[in-house]
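With the hints as constraints, model all of the structure from the sequences given.
Taken in sequence, the protein lines are chains A and B. The first sequence stops at residue 1145 when you use the numbering used here, and every number in between is there. The second sequence stops at residue 707 when you use the numbering used here, and every number in between is there.
Quick caveat, the hints were computed from the structure, so don't treat them as lab data. Treat the numbers as computed from the prediction; the structure is a model and nothing was measured. Don't be surprised by glycine CBs; every beta carbon is placed ideally from N, CA and C. No incorrect hints appear here.
If you want a taste of the chain B side facing chain A, the calculated C-beta under 7 Å gives, among others: (1) Phe228; (2) Thr239; (3) Asn254; (4) Ser288; (5) Asn293; (6) Lys372; (7) Gly546; (8) Asp566; (9) His613; (10) Ala621; (11) Ala628; (12) Ile634; (13) Asp636; (14) Lys670; (15) Pro678; (16) Glu686.
Listed below, chain by chain, are the residues.
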Amino acid sequence: MSTILLLYLLFTAADASAQEEKAAAEGYVGDEVCAACHQDLLAHYEKTPHAKVFTSKNARTPLMQRGCEACHGPGAAHVQAGGAKGAKGLLHLRADRTEESAKQNAACLSCHKGDERLYWHGSTHESLDLSCSSCHTVMQAVSRAGLLSARTEMETCSSCHLIARSQQFQNYHMPVREGKMSCGSCHNAHGTIADKLISDHTINDNCYRCHAEKRGPFLWEHAPVYENCLNCHQPHGSPRAAMLKLSLPRLCQQCHPSGHAGSPRAPDDRFVIGSSCLQCHPNIHGSNHPSGNRFQR
Amino acid sequence: MHRTPHLRLPRATLAAALSACLPLGGLALADTQLGPVIASGEVSLGYQGVSDDFRSAKYQQYRDEDPGVSAASRFLFEDPEGEHFFQGWLDDLTGDSQEYQLGAGRYGRYRIEGGLSQFWQVFSNNGFTPYLGTGSESLSLPAGYVPTDDGAVMEAQLEALSRNSDLKFRQRNYTAGVTFWPQEELLLKANYALRDRDGTRPSALNFGSPGGRFVNFTAPVDDLTHSWTGSAVMLRDWWNLKFGYNGSSYDNDADSVSVENPTLTGTTTVGRLSREPDNRAHQFSLSAAAQLPGEIPARIATTLAYGLLRQDESFLPHSANPAGANPALPQNDLDGEVRTLLANLVVTARPRPDLNVKGRYRYYDYNNETDSVVFTSRVRNDQAAATAGLFVAKQLNYRRQNASLEASYRLAPTTKVTAEYEWVNWYREDRNATHTNDHVLRLAADYRPQPWTWVRASYQFRTRNYNGYDPGSADPALRNFDMADRVRNQLDVVATLLPREDVTLTLTGGYDNSNYDNKSFGLDDEVSWMAGIDAAYNATEWLTLNSFYTFDRTRWDQDGSTSGGWVGRNTNKTHDVGIGANLVLIPGKLDARLSYHYHWAKAQTEASGAAGAAEDYPSIKDNLQVLSAMFDHRLRDNMRLEWGYRFERFNGTDFKFDELGLIPPGGTADVEMSNNVDDYKAHIFLATVTYEF
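Right, dumping it as structure tokens:
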């Protein structure tokens, strides 16, 4: 038994030694070498999910066991150059290195491939030469989740999407600035099947996630509703009630300009004030009432 | 504040400014040995005082900012080996905006999590209603009320009998999930979410159409939405595969609401409104992506998804009137079923180092397989007699296809141009235009002379044509805007500039025009302009300044009715301006954040023509100001005090609600609720002590 144990220990020791030799041959130096100079970064980095996983016990893949070098690549050349900036072979995960965005992204995607990033290649943000580090910071947990470069998704996204940020301050808006929703509630910045980086397969599917009551199918369908919620609503906010594009009755009159709906009506008309058309047609999203063909029931 | 070169840059500047205001430079906390575990975290206890005129629905919407004590905590417990963890974020423990998130597991292997998030959707807190039974499915008038068709008499009674009724509901979102990596290349996820809504919202019902006799009332909100998702992902070096399932069940406990008739119109005392029916949805998807073999780097990604929506809520009778005509129903429920099919294929390739190409095809079929329901009579409202006729509830379908080809060529290291053509086809089986085709040309140029100096200009020309249009019973000249011929021109510019090493500018601008040709009525033209600038200035080691301004304007022109002719112009305009400063007053001891944001919006509804009958509506206007001064004071190594002052002021005018009484103008016998949204002004003082462990 002891012989077997001895052989096992010799074998594993030899194997470990071989692995170390292989790593050295590939130019890996190990976390301890990195930490010797970059101590200032460790205090923050050690609290990040990467630091928790990139350990010998928790790493799922051999690459993850490389620690710092899992992302930055082998550090031998950098060390041999005395830690000089620009030493070849070391990948800088920084947003200002746009010429290396594809390389940076490849490093991230080596672990974060597939799943929510299946459509990253060819996506809007990829085609703009953005790198993962444009929106994420690897070395410090600034946000609660997702290692975002700002404290919240809204702050991160609005560094470029200025108008979308302002629209969140409209009188009628979704609870994004209150922190009960985020940009990621509707969009997947990593690429999607739908336009505008909408997470779900269609705009309506996206809306139904929270507004399942509008999903139907209804006995009496209102065609523009089930095709596209955005025919009537502005998703980022509107100065008009219910996040509508236009006030009623004008919105309805875009498609119903004749009959009783077609009158321009005065501002104090009882069919203009309050909820306007919806006072007689409250089930405008669809009705399941046998007599609800006018969405009145 | 430690400044690295990239802190000059816009996103990084924002991050750095934020992290500078986070104690210990972010979310990093000290580790403490606590028995067998390593613990880190913090506990906060605070008090918020609010003064002035703040009791408005707008102030309360989606958040709890009322005076009182607040408590929050976050923690992380780990075993000494750093393998297992238990962590939590607990926010607003004492308030109405509670948010809890708990997670446990082993790093890199599995994670189990659960949470709760709650908020109030507040429509109004100054509404008045005469109805008893608020929040229930049966609303009755109080004893002593005498039905009348005389508006003045009704108003007098309503004023005497109505009482204040909030219009709001609470939404609680419960979540639970598991993420598990059983193998290096296999990821499994399962999640469950429950959305629970409870309260009231405004609704209405008419007792005497045409011509009104409508009542506004507090409709009950009492529903649950269960959602399940599950996925299995295979992650290989050159390919990956994902199988996913999404399920959702909507259960409405208030599937109808009965409202007592306050008028003499009709023969009964009750009207009934159907509410949203219960429904179920399932979706299965299979996605795959792979590097393609060959010398040219190329990748393919594809998804095939199948969905099923069902709805079989029992029909209500035609009428709630026991004495009135109540025709037999042809079936008891809709037995509704919609099947959706999605196929998506994207191929990307780089045939040359300076050339990227992308091809895409997408097919989406919304196939409503529900049988048409034929009714031989209809009861317009619960007070009316049955009207004989054929009323066919025809189910609607559509199919949408997109195909596009994009090429992106790098002219120089600093310059890239992109061209794309896309074809979009809609097939709508039962609408006015069965086929519409969009042809889209997109051009874009990217110029990046330096890493952080970047300009993108893009232009889109889009034309849509229908293939035959049947207006049905509508005016022959009417073309609904979602199917009408359209020419769209869109121009967008985004730029990030670095005029000085310590200044970053982000500029954005856009123009979008949709012109609907070949139509005489309804929406005719839509034009949007938008512009924005964001500036950040790293003045010194201890001072960062930022400011922004955005402008957004959209105008819709429409041609009015077929009789009399009038034209309408609707405009939404918004200005936002903000300034802020982050200061390190005493390094490591005292930080400050100062900010001011002014939001201004105006919505105009103008009309002319129709021999003077068309007139402008008063503009809807609102503005919101938020002034904030927050200080982060480190008292001890493990204790800090955050204190500050915030001023908020909201002013809004909306002619549709501001003057709303209990009956509409003109003395008609309709019932309103006088529910508007008050302005508010709030001085908010807060102090929070946080103990870190």
